[in-house]
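K.L.:
What follows is the residue order along each chain.
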Amino acid sequence: MAVLAFSAGNVLVWIVWLAAAFACLGSGVAVISFTNPFFSALALIGNLGALAVLYLLLSAEFVAAAQVLVYAGAVMVMFLFVIAYLGGRADAPWAGGPSWQQIGAVGAAGTLLVEIVVAVGLKAGGRLSHEQDIHRSFGSPRAIGRLFLTDHLLAFEITSIVLLVAAIGGVILGAHTRKLAGEKTQ
Amino acid sequence: MTLGILGPEVSWYLAVAAFLFATGALGVLLRRSPLIVLLSLEIMLNGANLALIAFARHNGSGAGQIFALAVMAVAASEVVVGLGLIVAISRRHLDLDVDKLRTLRG
Amino acid sequence: MIVAAWICLSSPLAAALAIALAGSRISRRGAGYLATASVFASFVAACVAFFALWGDAPHDRSHYSTVWTWLELGSFSAGLRILVDPLSTMMMLIVSGVGALIVGYSVGYMDGDDEERRYFAYMAIFVFSMLLLVQSGNLLLLLAGWGLVGLSSYLLIGFWQERPSAIAAAKKAFVMNAFGDATFALALFLLIQHTRSLDFDTVFARAPGLSSNHWLVNLVALGLLGGAVAKSAQLPLQTWLPDAMEGPTPVSALIHAATMVTAGVYLIVRTHPLFELAPKVEDLAAGLGAATLLLAGLIALVQTDIKRVIAYSTMSQIGYMFLGAGLGAYANGMFHLMTHAFFKALLFMAAGLVIHALAGEQDIRKMGGLRGLLPRTYWAFLVGALALVGLPPFAGFFSKDSILAAAMHDGWYGYLLWVGGLAGTFLTGLYTFRMLFVVFGGEPSPFVREHLIRPRRRGEAHHGEGPFSMTSTVAILAVLSLIGGWIQFAPLWIPVTHWLDVVAPTLPHAEATSWQEGISSALAVGLGLAGLVAAWLVYSRRRVAVPRLPFAQRALEHKFYFDEAYDLVFYRPGVATARLFGRIVEGLVVGGSIVGLGRGVGDAARGVARAQTGLLRTYALAIAGSLAVLVVVFISVR
Amino acid sequence: MISKPHVDWFALSPEFVLLGASALALFVAVLVPRWARRALSAVVCALGFAGAFVAAAILYGRSAHGHPIIADAIVRDRFGALAMLIVAGSGLLAVGISAREPMRNGHDAEYYALLAAAGAGMAFFVTANNLMTIFLSLEWFSLCLYVMCAIDVDLVGSLEAGLKYLVVGSFGSAVLLFGSALVYGATGQLGLDRIAATVSAQHLSRDVLLLAGLAMIITGLGFKSSSAPFHMWTPDVYEGAPTPVTSFMAAATKTVAFVVALRILVTAFPQEAHLWTVTIAVIACVSLAVGNFAALVQRNVKRMLAYSSISHAGFMLIAVAAHNSLGARALLYYLVPYSAMSLGAFAVVAARERELGQAVTLDNLAGMGWERPLLGASMFTFMLGFAGFPLTGGFFGKFLVFSAAVDRGWTWLVIVGVAATAVSLYYYLGVIRAMYMRAELRLAPAGGAPPQELVLQTSVLVCLAVTVASFFAVQPLVDLAKHAGRALPL
Amino acid sequence: MTTALILLPAGGALLVWLLPWTRFWAGSFALLVSLAEVGLWIETLIRFDFSRPGLQLGAHAGWFGDLGISYHVGLFGFSLWLVGMTVVVMAAAVAYAFWTGRERARAYFGLQLFLTGAIVGVFAAQDLLLFYAFFEAMLIPLYVLVGVWGGPGRLGATLKFVIYTMAGSLLMLAAVIVLGIQQGSFDLVSTGTSGNTWIFLGFVAAFAVKAPLFPFHGWLPDAYREAPPEVSAVLSGVVSKAAVYGLLRIAIAKFPGPTHDVRVPILVFAAIGLVYGSLVAFRAPDVRGVIAYSSLAQMGLIVLGLFAANDLGFDGAILQSVNHGLLSATLFLLAGGIERRTATGELSRLGGMARGRPALATMLMTTGIIALAVPGSSAFAGEFLILAGVFRQGWIWAVIGAGAIVLAAMYMLRLISAVLHREVGPAVPDAALDLRPAELGFLVPLVACLLGLSAWPAAVSHRAFAGTRAKQAVATELASSRTPVSAAAAAYQRCLAALEDAEIVITTATDPAASARAEKKLERGCRTPSGAIDVTISVSQAGSP
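Residue numbers (numbering that gives the first Met the number 0), protein chains in the order written: chain E, 0 to 185; chain A, 0 to 105; chain D, 0 to 637; chain S, 0 to 489; chain V, 0 to 544.
For the record, the hints were derived by calculation from the structure and aren't laboratory data. Note that CB positions come from ideal geometry on N, CA and C, so glycine has one too. Mixed in with the good hints, there may be bad ones.
Now the in silico label distances, taken between C-beta atoms and shown as ranges [claimed, not checked]:
(1) V/Glu102 / S/Ala63: 48 to 58 Å
(2) V/Ala342 / D/Leu596: 32 to 42 Å
(3) S/Ala63 / D/Val636: 35 to 45 Å
The shape of chain E in the complex, shown without the other chains (with noise of 0.2 Å):
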């Protein structure tokens, strides 16, 4: 490890890890801060994308891929759209309501991050700074696939059916029924 601290791919892996944790930092403080959602979308992807690049840090390669392809790709798409089917009535206040709401807010999830931070500090000392050296293959479509078909394969069987289900209720909430007309005709 000392050996490898100084070495050129490390330094390289910090800068690239650096611009991607502030870029999704920085992306991800965006989100919650535009009053328009279709900037947030825009800021979200752009979440993702330095997620990606942390989980490539990280060995995730698959899940990397994934997250580019899926996530911002073909979710954040179908956000997208439907902020833009929704047009202007889209874009709502900034946040408001009862004071004690936003001091309450912004306390607890302090709180909360000085905690995580906190307790991951607490560990970083001991446990956490040896982590376990991997197989080059760690993260690879290729373990990834062999591990849903077997350990994890129940896994994979229920995600599809969680989407199939997300898919009904999709329908059932987005259908433009022929009878609701008729009942506000009445």
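The hints should help you fit chains A, D, S and V onto chain E, whose structure is shown.
P.N.:
Chains A, D, S and V only, in chain E's frame:
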């Protein structure tokens, strides 16, 4: 062939994950637009995903990555249902403001 | 004998039940006859018992009989148990005999009242209760009889139930008696605890074992004395008796003169072994008797209601009996009880004739000159009055004087009582003949003319001085008042004392010597005569004016303010406390605490419900906030 | 070469039956003419739940020795099977309650498909043996429920309920997920028993990451079981959702949430019991206080029942906090009469709602007891059961829960429970008061005479029977619970 | 037999509910069932062997074996009398309701019958949990009976009533659970005693509310005023006796130590209640108020007797319970009759009802006079026993009790004269009838029972506990059951704690030496109950003649 980790230790990734999670939570707690609330939820899930992958790396087990993939699917599902609801709400010509949805209370 | 005693006890009860159950199927008159017959049957049975007992050897004259166990008191039981002995038979004779006469008198007196049946049922219940009291073989049953006579007294005082004054008087009588019952019961608890029995024989046999405990014996005796004082209207529980005159006159005669009120004397005599263990309490009883007789005599001087005058005289006479019984002269007290029953019943019933004749009027100031109009009544009243004052050869003379004589034997305290008793005879003469002269002497008052003379002139129906049932019984009692005392003339001729000796032997220090008897008699007769003369001078001849003592007058008219004092000390604070409890404690504390609690819960509930803002973000905030706290706790506690 | 894990198809039979029913119902939605859709899909769904019930019963009989299956993703044991039985029964009754629910936009068949799918998800959930399966199956049935809550899209309340449930639910899920991640990070394991094994092997019981993760998992499960202070979505969602959905949620969701909470806590975190038992006890107290107090001031019956379900969550948490075998028995027993009573009570509310055409409040409940003797008497019994009166299983439920607490030595929890019960009487008896003791309203029913709802009344009768029978037949039921509880390491 | 006593009315209730009776036939059937119940009780009375100590006519069936809960019922002498009082009063109440013609007859009569079964169950239950179940089951019909058929303020009254009683009962539930879990069984017969004061207080709280005892009587005035008269009769006459039974059978019998320790505070509250109730009754403005508060006072008296913890007190408490049950039932039914005639219960608007109404006057007078405990009446006998018993705990209690007799006279006479005497009150119409034959039909048997008891109170008091000694009976009851050391030791401990002035004789089958060993073993057994022992414990009072 095994590899050590390059760059920062896992704790740094976890710090980012925690920050994302907290940011997402803050968004849910603070924002009134349901769309942005949904986006914030996505950030929370992504924070968790980052933690999972960081731990997967740390432990050297693939389970975390599988979990992260499954979470992606789940997040997509939530978005579908959530967007469906938002569309339904807008169709009822209601304000897209979660604070206005308070007929149920007390 | 035992059977006779049971018949004696049960026949009035049977009559009462019969009248109650028959309802209107029995005529009013029939109810009267039935009651009279039943009491008379009791009398006959009592006579049978008496003569049977007479036949027994003197030391063998106590007979117990139990039908069933009435109450089980742990390791011992109190049976429904009667005792036939000289004392109880004597009381049975008095109660059933006088009772039969008075119930018979009532047939005429109550004629025409709407609720005659109820009256006779009550009367029969009373006679049953009184017989139960005197016949009971243990203290518990005695207490039962004690309470039941109080009950029938209540029922009969309040017989005219539309009159608020009658109802109030009845309640007062009952409550004061209940007070006595309570102290009586407390004495019984002590006895139960220490002798483990309430049967007379067992208790009396074990009582000497308690004498080492002075507190105990004094308390027992005090408790019993409390009961006796309440029942017999002695100080300090005397105030109910005058009010009790709200009842029909025969009731006053039977209950509040002849029998019930004298039950206190019977109780003392019956439980004398207990009293003898507590000489201080005995002295107290005698002292209370003496005080009462003086007090009642004084109050009687200013009373204007004919029945109340007689009522106070009753109180006063019972004072004598208490005096005798308290001193240990049990036979003398019982003898006076007997003669008193005769002449006091006579006086009341004669007064009843007067009242009957005057359409219910009882105020002596409206009467006058009745001697010519109601001659036979006058003579009967006169006999009663003379017997009451205690002039020879009337009954009172024989019984009262020996009580006074017994007092002389008891040191300075005895002399004090003796003087008090003698003063009482003077008062007796004074108030008795005041009443006699005012009612019968002089010219007929306007009121009398209105009610007696005018109807007669118009030839309206008036059956002489009263129906046969009334006059005949009065006549019998007049005779008894005359000769009833002759059965004993202490110290020469004392069969009554002998008869009672096996039950309640006179204490040695109450045995009067001949000279004591003589001097007491002479003084008593002299003072009685003096009172008579004084009354004659003041009220008949009007030679002497009544001295004007406004303060004394007012004090007497207010009966020495006993009623007012009790009202102030007990009743009002009681009512005030009750009201305080009812309004403040009940309303605010007991009820209010619930209301307050409910309000508190309600506030909390509304608070919780308000936290449910309906804002989605609040809900998430609750989760996030709780989570934050939880994580802090988990990490810091570990 | 990929060696697929052995799949114990029989252990999955309830899920498959339900999934099959769900799929069939979807086909019905598409292929069958509109007029036949409702009845047919209802029948299909009912058959699915009935089949699942039978399958779960057989599974219970044949799973005396619990063991993990399918690469340890789920576990086949009586504990899960009993929970499946309750879920299947609740689903069946929920179908009965839904039978005549007016679905204004014709999504009947889809509704039943979602109902069956939710049932299947719950069946997975209760058998799940690792954190991933737990999270995924939780999302599975949660998504179904989100949609079902909002299925009456015409109603603002329904939409609002759906959105609130979705957002807060996702928030809770995210918390659960993050917690799972932390636990995974601390131990390197996802399997419940392996977590415990690793913790004991590496002495991690005081590890900060693990504990932070545990806190988040408790929060996530507390959300699902609507325990205070994670409860706040409950009244809104219960009130806004269509009543049959509410009834299903109240019974089945609560059942699975508690069953899984118990399983996770005792299987994966026995070494941390010193922390979580106290925490759960505190949450129980807060739930009892909040649920009961808030219910006091409610006029809307559904909302009142929602708060009541929060307070019942408090009682059940006492059983969890007891952390002993009696507690497990108490929880499993409690769930049976509780589910029956909840379903029944919401069924009665649904009937009244359809009759009046408006939300049921304490005011318009007046006189219902006399007008509808069967429903009235049943509601009467359910209320008494909720309040824990004898002659209903609610009594033994509380009794067992308290016994478990005493067994642990926590008499103070019993006192809290007792105080809460005393408060709860006010509103439970308030319903009886409204039904029987106020003047009758004699409201004209909306749209003519109320339809003779035989199916619904049968469901109510079944609930009534279960409520009462669980009192008399407490021993057999507790035997079932006892055998089920043996599957847990207690 | 005992089970039949419970199931007959319960089954009757189901029939009334489920079959489509008309109002008349529902009432008739209910009356028939309740009369049959009385008959069944008489049959039980005949079969009962009063000379034998311990439980009789028991029935035992498994129910919830895991926690040692079973269906175990049976009767002791005292419970038999309480059951008898219950069935008689319930029959009278049903008859009253039938006569007045309650609306919604099926629901009403079903509830009345159900209530009968529950109350009988309370008196018969020999399992703590079963007891609790019946105790609670009693509340349900009462709640509805008051809430549906009560007066205008019924909603508030029922609410108060239920919240109060349930707050108490739930504490009892906690106590039941803790006790049962500690003992390992909920059976009342086979388990031993406990020394835990908190558990004891849990039980006492429940019974103190149910009785009610001062200061837990907040529900009483409203409930008694707003309930239909016959339900008030049942409430104050019968239901309150469940508390008496509970105090005796559970609180005192199972907790000798705490009973001893907490006796004085309880006696203080009972005495306060006695005086307080009497005083408030004296100022109460209406008929039912007087009866209600007099009930409070009477319950205080009964508790005085119970916590005298000696045979006099026990005998007296049981006798007085039976008396008071009959008395207040009669009084409430009479109050109902009066209210029907005058449409008010306010004393200031009543009066003069005796004139022309001899039956009413006689009934009210007789009952009132017995109620004020005139010496010679059954109530007097009961009070006398109680006070004689409590006298041994201290003279002050008896003095207070005796004072309360005077107060009782005051309030009862006030009631009697305010209704019957004085001028005719403004609310009394001339047309108000005397008691009808139908009313006499249910009042006369009640009054007859009272008069019968007055003539022979020992019938109850002597037969409440087997043998001559109440507490010996309690002790023998335990010793004569299976005698594991725990039970025998418990009996021994109970004797030690509760009988200050008693000698305890321990005999075994073999010889005196074995007795001495047994005694040692028992003393040890008090601390560590285990094993089994063959021993008979008998008790005799020191210094008895």
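K.L.:
Determine for every hint whether it applies to the structure shown.
P.N.:
Each hint, compared with the structure:
no.	hint	in the structure
1	V/Glu102 / S/Ala63: 48 to 58 Å	holds, 56 Å
2	V/Ala342 / D/Leu596: 32 to 42 Å	holds, 34 Å
3	S/Ala63 / D/Val636: 35 to 45 Å	holds, 39 Å
The structure meets every hint from the earlier list without exception.
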